[in-house]
Structures are given as C-alpha cells and as structure tokens.
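K.L.:
Residues per chain, in single letters:
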Amino acid sequence: MMELRSRTFLIIVLCMLLTACGDKNIVNSIKFVQTIGYDAAQNGVASSAVIANYEEQGKAKLEFYVTESKSVYDSMPKLNMKLDFPIEYGQLRMALFGDSFARRGITTAIESLIRDPKISSRMHLGVADRAALELLNIPENRRDPYFLSDMIEQNMKYGNLPRMNLHLTFFNFYGDGRDFFLPHFTVERDEIKLDGIALFKGDKFKTKIGIRDSFLLKLLLEDSKNGSVMVPMTGANQTREEYFLMNSIGSKPTYKVIRTASPASVAIHVKLNAQVKDVPQWIDLTSEDQLALLEKSIEVYCESEIQKFISLCKRNNVDPLGLGDLIRSRLKVWNSQEFEEQYKSLATTVRVNARIIRIGAGG
Amino acid sequence: MLFGEGDKSLSNEISDKYTISPHLIVFPLYVSMVGVGILTYERRVIEHAGYNAWISVMITGISMHFLIWMLYKILSSIDDSRDIVTINHKLFGKFFGNLINFAIVLYFVFGAFIKFKVYMEMIQVWFFPSMNFLPVSIVILLLVYYAVSGGIRSVTGIAVWATIISCVSIIPQVLLTFPFLYPMNLLPLLNHSASDILLSSKDMAFEYLGVETLLFLYPFVRTPEKSQKWAHLIMILVTLLYLMILILAFMFFTEEQLRHTIWPTLNMIGIFEVPLLQRLEYLAISLWFIKIIAGISIFIWAACRGMKIAFHLRPRISLIVFLTAITALSHFIIDHRTVERVSEIYSNVGLYFLYAYIPFVFLCVMIRRKLTGPI
Numbered sequence: 001m002m003e004l005r006s007r008t009f010l011i012i013v014l015c016m017l018l019t020a021c022g023d024k025n026i027v028n029s030i031k032f033v034q035t036i037g038y039d040a041a042q043n044g045v046a047s048s049a050v051i052a053n054y055e056e057q058g059k060a061k062l063e064f065y066v067t068e069s070k071s072v073y074d075s076m077p078k079l080n081m082k083l084d085f086p087i088e089y090g091q092l093r094m095a096l097f098g099d100s101f102a103r104r105g106i107t108t109a110i111e112s113l114i115r116d117p118k119i120s121s122r123m124h125l126g127v128a129d130r131a132a133l134e135l136l137n138i139p140e141n142r143r144d145p146y147f148l149s150d151m152i153e154q155n156m157k158y159g160n161l162p163r164m165n166l167h168l169t170f171f172n173f174y175g176d177g178r179d180f181f182l183p184h185f186t187v188e189r190d191e192i193k194l195d196g197i198a199l200f201k202g203d204k205f206k207t208k209i210g211i212r213d214s215f216l217l218k219l220l221l222e223d224s225k226n227g228s229v230m231v232p233m234t235g236a237n238q239t240r241e242e243y244f245l246m247n248s249i250g251s252k253p254t255y256k257v258i259r260t261a262s263p264a265s266v267a268i269h270v271k272l273n274a275q276v277k278d279v280p281q282w283i284d285l286t287s288e289d290q291l292a293l294l295e296k297s298i299e300v301y302c303e304s305e306i307q308k309f310i311s312l313c314k315r316n317n318v319d320p321l322g323l324g325d326l327i328r329s330r331l332k333v334w335n336s337q338e339f340e341e342q343y344k345s346l347a348t349t350v351r352v353n354a355r356i357i358r359i360g361a362g363g
Numbered sequence: 364m365l366f367g368e369g370d371k372s373l374s375n376e377i378s379d380k381y382t383i384s385p386h387l388i389v390f391p392l393y394v395s396m397v398g399v400g401i402l403t404y405e406r407r408v409i410e411h412a413g414y415n416a417w418i419s420v421m422i423t424g425i426s427m428h429f430l431i432w433m434l435y436k437i438l439s440s441i442d443d444s445r446d447i448v449t450i451n452h453k454l455f456g457k458f459f460g461n462l463i464n465f466a467i468v469l470y471f472v473f474g475a476f477i478k479f480k481v482y483m484e485m486i487q488v489w490f491f492p493s494m495n496f497l498p499v500s501i502v503i504l505l506l507v508y509y510a511v512s513g514g515i516r517s518v519t520g521i522a523v524w525a526t527i528i529s530c531v532s533i534i535p536q537v538l539l540t541f542p543f544l545y546p547m548n549l550l551p552l553l554n555h556s557a558s559d560i561l562l563s564s565k566d567m568a569f570e571y572l573g574v575e576t577l578l579f580l581y582p583f584v585r586t587p588e589k590s591q592k593w594a595h596l597i598m599i600l601v602t603l604l605y606l607m608i609l610i611l612a613f614m615f616f617t618e619e620q621l622r623h624t625i626w627p628t629l630n631m632i633g634i635f636e637v638p639l640l641q642r643l644e645y646l647a648i649s650l651w652f653i654k655i656i657a658g659i660s661i662f663i664w665a666a667c668r669g670m671k672i673a674f675h676l677r678p679r680i681s682l683i684v685f686l687t688a689i690t691a692l693s694h695f696i697i698d699h700r701t702v703e704r705v706s707e708i709y710s711n712v713g714l715y716f717l718y719a720y721i722p723f724v725f726l727c728v729m730i731r732r733k734l735t736g737p738i
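Here the protein sequences come in this chain order: B and D. Numbering (my numbering) for the first sequence: 1 to 363. Numbering (my numbering) for the second sequence: 364 to 738.
You may find that some hints are simply not true.
[As the list claims (entries may be wrong)] Chain B stretches covered by chain D per the calculated footprint, using a threshold of three residues with CB under 8 Å from any CB of chain D:
| # | segment |
| --- | --- |
| 1 | 7–13 |
| 2 | 120–130 |
| 3 | 173–184 |
In short, the hints are calculated from the structure, not lab data. All of these numbers come straight from a predicted model, not from anything done at the bench. Yeah, the Cβ is synthetic: ideal placement off N, Cα and C, and Gly gets one too.
Work the whole structure out from these sequences, hints included.
P.N.:
This is the structure:
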C-alpha cells in the first residue's frame, strides 16, 4: 500500500514538472505581428508589420512598423531593432504583397512563411494594387489587425472568392500544371476594397480579374455557394438589356478529358442551383415559362463568360483551373514545358446546367 | 518487485503472475512499430516511387507478415525459455551467441534512443526552440524508469493507453481533411518502375521496425501460440493505418509540395480550425507524448530482459545504465544532421536485422530440427 501511494505521488510530481519547463510568453511582453506587408524597395524589401498592443482588456491599439532589408529573410531581425519586446508571429494571419513586389515574384516570402512551424497554414495572402504599406495604412484597417484576413474569410464564405489560404497556395504553386491565385485589393474612397483576384504565373503576378470572373473561377473550382453574379437578359418585347441578380445556392463542376494528345480537349460541365429574387419588373417569377427563360439566360451567359475567362487565362498563359494537372493525371508521362506550349491550343467545351430552386418571398 | 519476475531468482522460468493474455500482444506491438515516423514517413517513401508509393507500403506490409510467421516458427521450435537469447546460445554457442545477444540488446537501446531523440527534436522545432532539454529528458526518462520497473504488465498497460490515444487522434483527422482532398493527385495509377517501387518499400521498412520486440515478448504471453493471429491482425491494422494516412497525404499535398514538407501529417492536422484551439497540431504533439513513453519503455524493457537472460545482470542495473546512456547521448547529439545520420544507421541495421538475421536464424533452426530433432 505504501509503495503504491509513493508511486502515485512520484507520478504526479513528475507530471507537474513536465508542465513547468518552457519558454513562457506573456501577451503583454511580446509583440504579436498580425498582418505583414511586403513591398519592393530600392535594394531589397520594405516590410511593414501591423502589431496590436493589448493595453486593456478588449481594447487594442495598433502599431505600425516599417523596415527595409536586403531580403525577406532578415526583415524580422531588422524589425526587432525597432521594438521594445520580442516579436512573435504565431498569430500572423495575413501577408499582403505590394503590386511591384508581387510582379517580381513572391517565392522567398511565402517559402519563409511555410517553413516556420509557428505560422498556421490557414493564413491568408493577398495582393494590393499599390504599395502594401499604403493600403495597410488606411485608417479602417488600423482599427482591427485582422481586418484583411477577416474580409477574405467572409468573402470566401458568403461571396465570390474561391477558397484559398497559405496551404492551398502552396498546393497550386508546387502542383504540376497548376498556377495559384490570390485576392486582390484596391482602395476606393479611402476604404479598402476587394476588387478581384490576382492570377500568378509561377510566382509572379501576371494579371488581375474582376469580381465577376472570380465568381466564374469559384464556379469552376468548387461549390460556388453564396456567390452571386448579375446576369443580362432581353425580353421578347424589350429593347434595352436588363440585369437580374443570380445567387448560387450550390454547384458542382465536373471535368472530362476528351483528348490528351496535342491539341488536348476538355469538356467542362457545371451543375448550378440558383436563387433569383431581384428581377426586372416585367418578369413574373411564378410563371413556369418565365423561369425557364431565366434559367436559359443564366446558362447562356455563364457558358460564354466561362469561355471568355478561359481564353483570358490562355492568353496570359496562366492555369488557375489546373487544366494541366487534369491532363497530367491521364498520362503516364507528362512534361510541364511541353504542355505549356500546347496550352494555347487546348480546346474546351463548357456546358452549364442551371436550375432555379428558390425565388424569394414573392413580389 | 522490480521487473515482476523477482530480482533474486535469475532463472528463466516465468510465473503466470507476470504473463499477459494472447490478445494483449497487439498493444505492445502497435506501440513499438508506430512512432514518430508516422508524422514524417510520407516524404521519405515518395523519394523513389513518387505517388505510387502506396504500393510500396502494401509490399512491405505483406513481407512483414512473412517475418511474423518466421518469428513464431523460430520461437515455438524450442521447448524451454522461448526467447532469442537461448536460441542464439543453442545455435552459435555460448561465446558467439552472447556476442549476437549483446548486439541485439544494443540495437534495442539504440532504437529507444532514436524514438526519444526524434520526439525531442520535434518539441524543439514546434514548441520551445530555446529550451534546455536536460531537465526534461531526465523527467521523461524517470517516467520510463517507472514504467519499465513495473515489468511487462505495466509496459503493456501504458501501451494500451497509447494505442487508444493514437486512435482517438487519427479518426478526426480522417474526417476533417475531407474538404481539402484532391483525389486527382493519385492519378496516374502506375507511372513508376518496379525497381523504384521496391526501393520505396525498403524505405518503408523503417516504419515497421519494432516488430522484433516479439523476440522477447513471446515467452511472456500466456499460451503464446494463440497470439499469432493477434500479431497478424495488428500488422494488418498498422499497414492499413500507414496506407490510409499516406493516401490522405497524397490527396492533400501535390507531389512537389510533399517533398518540401518535413512533417506532412502534422501539417495536415494543422489545417483544421476548431473552436478554442487555434492550432490542433500542438495538441497532437502533446498527445503523442504518452505514445513515445510507451515506445521507449517497450524497447528498454526488451533490452533489460536480454541483459538479464544473457548475462544474468540485474534488470535494475541495466535499466539505470541504459537510461543514463540515452540521456548523455541526447545531450551530446544536438544537431539535426547527426540525428538524421544516426537514424539512418539505425534503419539500415534494422533492415538487416529483419530481413537477413531473422531469415538466417529461421533457416538454421529449421535445418537443426531436420537433422537432430527438436532443440
């Protein structure tokens, strides 16, 4: 009995010892970098860090630090030279790249992010249409250190953004026959605005697409739930083109490889369930014929816009849809360079099947 | 009470009080095979066979069933004290037998050290980069001391908990990765040569090292013949586990990305967002702790047992010596490169141990039995 008791005691003491040894970090005595911006500088990189200073409970004062360094790697040590407490970036949730920085290539920056085990692979990346520093300085952003990442998060859930994060960026970056894309920000009336998606070739920012095309990209990649797009239509006795709003309730893309040899050919089929609520006056949503008309216009519009989007990708030689990967999966030997040469001649057929399954509460 | 069998009697007879039921063998076997390797093996096995490496996992798994069959054949072929030490004595004589026995003991201690060091390294990278590890190692090894000095029954007890915990942490992982999987990554199904796939199978064998603890466990199982089906069962489960995690990783990462990822399994866990816990991988590493304790304990137990029957050395003494050696070694080996090199040596030695030494002993035993009857 004595032995058992002393053993139990020993175990408890040992377990307690295990918890007490470590580097402790108290929230008041470290600097949390929550958003970081990278800009191209004269000879190297200008990095700007947004740090929240937790003085009182529930209140945070944002601090803003800018340093210039030779490369991304020494931006953190350089930043430490300006701070009174050690820097900690386990809570980093957003990295924003300035336009010229992104055009020069972002490999070093994102690789140094993924190598750090402290940084979550769920963090977001983004591209600004100007210097990142300028965008981060917008007063709105200075209230909340997570403004940008929350904005991306909510737009993926309730808007037109396809799913992305650091992990998926790497998935597309290292994936054969894939190119990654990041959200693109601009400034409108002194407010930050998400205005589309930046398409990358390799690690370089190539071209930007608008928020409507970003819906198409979402439609082609995953379930486009909650995305919305304005669809044009002309009625039989209407001369002016009018628009109605289509909300996606759910969709599913399927890809079929028709031909793998050059020129390759791919058939894309999208099934789309939609909600239509705001329509021109002359349309009666309770009428079966009118709904069929709306469905038809959604299909026609989406099909032609998707074709336009794909030819835009081909023109810019970017492959955000992973069509190269699709062809790769059907071939025993696949060469990315060879595919790139024939990418422009790749043929695609697009078919969209739209069904309106909800029409709002009447009107 | 130390070591169950009683310190004073140095005979090799094992009383019923210290044996375990046949079905319980799955726990020590699972714990000794599945270690920290499961967090990193994806990157290693794709080195040659690329995304066809899942075939390699199956090949290695099947070969392991043959090994288990051989082990049981060897161990059941002698009548008294059914362990590898006695077999070595009988086959190779006292001197050479003991030489081999000592090598086997060292091999187990080495294995325990690798398990310990790799886990420590992981803590260092993920948790506390600047921590002094000597006090922590001492505390961890004291826990191992406690477990091993309780004998095989307490080691098995810890193994049970370790198995339960690792099951609990694996099931949610399967479910939660689902939205991030790209099955297309698995295609094309066959684009590597047979030799590449076999080379990857060789790399995979490292993940199965630990099955050789059977050499010492066997006499501690009540009616050991009955435990064979359980050993095969756990081998099937472990193979399925490796296969499942590997295929998940293949669908989760692209090939090039996986080559750049050091801890793929942890990164997969890290993609989940759960309420309260921002980073699930940190919880996973902490849960892994008990698994590591159990794995080290079982290896050290086997080593002490080997010392006892081969050299009549008191288990308490060899236990203290081994643990001190591990602490000292891990204190002096500090850089990642050396750890990599040392575990490479270990895996090569293990490979020869499993695929050369055991079949050799198997052949010797079979020939002896043919020539002179039961040994």
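K.L.:
Counting residues of the segment 173–184 of chain B that have a beta-carbon nearer than 8 Å to any beta-carbon of chain D, does the count reach 3?
P.N.:
holds (count 5)
K.L.:
Count residues of the segment 120–130 of chain B with a Cβ under 8 Å from any Cβ of chain D, then say if the count reaches three.
P.N.:
n = 3 at 8 Å, threshold three: holds.
K.L.:
Quick one: see if chain D covers the segment 7–13 of chain B, three-plus residues with Cβ-Cβ under 8 Å.
P.N.:
Result for this restraint: holds, n = 3.
The structure agrees with every numbered hint stated previously.
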